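J.: These are the residues of each chain, in order.
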Amino acid sequence: MESYQYLLDYFENSPPIIKGVWILSAVFFISVIILTTYLKILRSRLRKNEKKVAEYQKEYESDLITYLYAGNEEDVISAEQQIIVDKLRSCASDEFKRRVIVSTLLRLRNEISGEMADAIQKLYFQSGLISFALKRLKSKKWYVVAKGIRELTQLHIKEVHDKIALLVNHPKKEIRKEVQLYLVTLFHFDGLQFLDVLQTQLSEWDQIQLLEVLQRFDEQEIPDINPWLKSTNDSVVAFALKLAKIYNQFEVKDTLIELLSHPQKKIRVDAIHVLSHLQVFEAKTILKNNFDKLSQEEQIEFFKLLENLCETSDEPFLLTQTTHQNFEIKLSVLKILKTLSNEKFKDLKDFSTDADYVKIYEFLAYNES
Amino acid sequence: MNTSTTEIILFIIHSLFFIYAVFAIASYVILAIISAIETKEYMKKNSFVNYKEILSSTISPSISIIAPAYNESLNIIENVRSLLSSHYVNYDVIIVNDGSKDDSLEKLIVAYDLVKVNFLINQQIPTKPIRAGVFKSTNPAFEKLTVVDKENGGKADALNMGLNISDNQYVACIDVDCLLLENALQKMVKPFLEVTEEKVIATGGVIRIANSCIIKNGKLLDVNLPKKLIEKAQILEYLRAFLLGRMAWSRLNGLLVISGAFGLFDKKIAIEVGGYDTNTVGEDMEIIVRMRRYMQEIKEKYRVAYIPDPLCWTEAPDNYKIFISQRNRWTRGTIETLRKHRKIAFNKKYKSLGMLSYPYWLFFERLAPVIEVIGIVYFTILMALNEVRWDYAIAFIVLAYFFTILFSIVAIFSEELTYHQYKKKGTGFKLLLITALEPFVLHPFILYAAIRGNIDYYFNKKKKWGEMTRKGMAKA
Amino acid sequence: MSDAKKIVLAEDNSTLSLLLKFRLEKEGYKLLIAVDGKEAIEMIEQYDPELILTDIMMPFISGLEVISHVRNKLNKQTPIIVFSAAGQEEMVLKAFNLGANDFMGKPFSPNELVIRVKRLLR
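Protein chains in written order, with our numbering: chain A, -12 to 356; chain B, 91 to 566; chain C, 72 to 193.
Hints are not guaranteed to be accurate.
[What the hints assert, rightly or not] Calculated from the model, a selection of chain C residues having no Cβ within reach of chain B, i.e. all distances over 12 Å:
1. Ser133
2. Glu160
3. Asn182
[To be verified] Derived pair list, reagent style DSS-like, types lysine-lysine, alpha-carbon separation capped at 30 Å:
4. Lys515(B) x Lys122(A)
5. Lys159(A) x Lys122(A)
6. Lys76(C) x Lys144(C)
7. Lys150(A) x Lys411(B)
8. Lys229(A) x Lys177(C)
9. Lys27(A) x Lys197(B)
10. Lys84(A) x Lys134(B)
11. Lys145(A) x Lys127(A)
12. Lys515(B) x Lys145(A)
13. Lys145(A) x Lys514(B)
14. Lys35(A) x Lys177(C)
15. Lys84(A) x Lys515(B)
The set of hints was computed from the structure by calculation and includes no laboratory data.
Source: prediction; values computed, not measured.
A virtual CB, placed ideally from N, CA and C, is assigned to each residue, including glycine.
Extracted from the complex, chain A is given alone in its bound form (with noise of 0.2 Å):
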């Protein structure tokens, strides 16, 4: 007792910067004792909350198996189905339990196609889950809405198009991306469309996901891609190209011609790819003329292209480039002379004493062997 009533002297008698360090002191320990605390019920939290996740899910999935093979040949629902479209009915209505429901459906979703899979789509309409999904998209916070989106564009909800297909300029990133792969993933080609209207930037990652979700479809017939390739939009034309490539749009060849006088070196580049991969002859006589306003990215590709595209007739132009300061040209360069000719190649042996020169030559020369 009496040594608390000092400690309460001696801190009434502090100077006040004491005081203030003490009282600081006393915040940081009983925040430490309430975090100390609240991690321990976290911690349990989330075990407890792994485990309920498997036990629901277990639940679900076998009412989910029970559910596809109880249906009869008849459109209508069987008594046993019914059992399980009233049951999911009720659980959907709390969060948690309607979080994993729909991602035991999804799981299953992604895996199967057939008949099965449309008898998913139909306990999704059935369960009344879908309007959970749909009210998602009214919601004021980005996430919710692009998650919401996510689920239709899993579970195939085409009727929903009109309401997507609105937000295809949405400020938000993350939400165009999940709009764009729906569009994309339901409509195939078709869906294709919102590049006539985007506005922002279709970044890399977004423009290998859309071409991934493209490729699994059979259908190859492909829409007219030249407005995109001249689109003011520059990520458009980049990912037009892409397309091109893919699916040998050998008909726009004019238009990948234009575009080696695009503003951007980035698509002039690609549009050199483009050309070599789809063997327009034209391009390489535009280009050559043109090689010395080419900048050296441009040029590399050119190179590229001639290993590809190259005739005998190129090859005074080649002699004139075995001295380009550039080594991946100087490789381009001999690499096509000597398939031009093992015969002349031999002769370009002393040539040039440039240590890249001889190395380069070297390494050709051996490979032959």
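Using the hints, position chains B and C against chain A.
T.: Using the frame of chain A, we list chains B and C on its own:
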């Protein structure tokens, strides 16, 4: 000297210490808040990213994993196997055998059916020459593997060789004994592909401590909390550094370090700036500072991205001797880098790099141990003179102690709410206990190692060179 | 019941496993379910099934390793069908090189799988 001047001098000293402490604490608090904001946003954004699509895509950009190896014979076969098991499609693995004196190369040749190949190297960065040659596998299952055997030149030199050899757009520079999760590459490459308004020049990853974890066939099967105090304390230290510190700096686009153990770089820029510096023991920090400086100088908008997911696991030192030599090296690396790039300090031309990142690093990383030691010495002198105001001293020490604990607990919370890797019952309590013990079991050794690093840097240049050529591969 | 043909199914998606189990057991097969490659190998060694269904991408031990284990370590010619996701063409080729008999690209129709299983077990 009369009493009043002494008093004034003492007052100035005290004030300086006080101001430093206030700034340090404030910076910690601010970083914690920023990291909380950034973490929340990151988790939201990544809760529904589909990595499966990008990983299988053949149009995804090409990546080379470059892993230097020096006398790693013991585990090299398994380590390479682990590197080859990534789920990313468009990648290859370049193992640079940096003049190992053991049988690493022979083992690799046998295990992976390697044969010497004729290989053309575009020597864009000068390195030590090739020794036995470049090897590729005859087995199609290992077509992604290239092994280069070269003369010993240290870790930086080996990485440069990898940069010369790689034919890919991005390079992942890692320690050969790191365990990468299968989806590590697609997560790390994402920022490069996703950011459209700036150029991403590098992505840093998190290092997690693999001690006591169960690893089989190059895969992480179970995460455990290790037994030794020194290991547990480092786990806490890493959580703080990666989940609070770096997360906040990445938000500010001010990251100055990417762990040497795991980082992804834009190869073209890495080569343009001249690759890794072979004259420092801190090559991992140095190259980032140089790349940033380069981007500032050519006036292009850029970013160093950061992925906080636990993707790379590595063994941390489990004894004080190795721990101290590791931290000693880190200290010298920091000093060397900061000295080499003195020009950017407080230079408005370099914007936040010169006005924020560099000064922070200088004052709170580079100088912190020095100031702490000065403080301790000063305190000891006062004690000897019996001049200590114990009421002040005790109050401040208690405050600092509780603050440290509080900060560590925030880091633990950050871990629990995001990745929750230590799931087992009871580990939560153990981690909390460590927050209280860490100031005694780890901090004194960090301080000691940092001081040794300073002494070695200024008075023992020979040591550095010996280490560079012989032992350049110690863990980072 | 002992003459029912045994099938080991290695698949990390438990919902899909369950669905296929029901479907194939309705056809009179006995299904053994493994959640990863490691378990699959243990089951194959223990029960010596007539057919193996395996996903290519699984945690810990991939489907490719399962195939290689069956063909090279156990020296068995048990028919194997692999499941692959879109874009894993390269892996599918590897699977065939290692000795897989058939493949199904996800998403697939369970009915289609049953037809292929029957064909291989005829």
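J.: Taking the hints in turn, state whether each one holds.
T.: Verification of the hints:
1. Ser133: violated, 8 Å
2. Glu160: violated, 8 Å
3. Asn182: holds, 25 Å
4. Lys515(B) x Lys122(A): With a Cα-Cα distance of about 38 Å, the restraint between Lys515(B) and Lys122(A) is violated, given a limit of 30 Å.
5. Lys159(A) x Lys122(A): holds, 19 Å
6. Lys76(C) x Lys144(C): holds, 23 Å
7. Lys150(A) x Lys411(B): violated, 64 Å
8. Lys229(A) x Lys177(C): holds, 25 Å
9. Lys27(A) x Lys197(B): violated, 49 Å
10. Lys84(A) x Lys134(B): holds, 20 Å
11. Lys145(A) x Lys127(A): holds, 23 Å
12. Lys515(B) x Lys145(A): Between Lys515(B) and Lys145(A) the Cα gap is close to 46 Å, so the pair fails against 30 Å, i.e. violated.
13. Lys145(A) x Lys514(B): Violated - the C-alpha atoms of Lys514(B) and Lys145(A) are around 44 Å apart, more than 30 Å.
14. Lys35(A) x Lys177(C): Since the Cα atoms of Lys35(A) and Lys177(C) sit roughly 33 Å apart, the hinted pair is violated (cutoff 30 Å).
15. Lys84(A) x Lys515(B): holds, 25 Å
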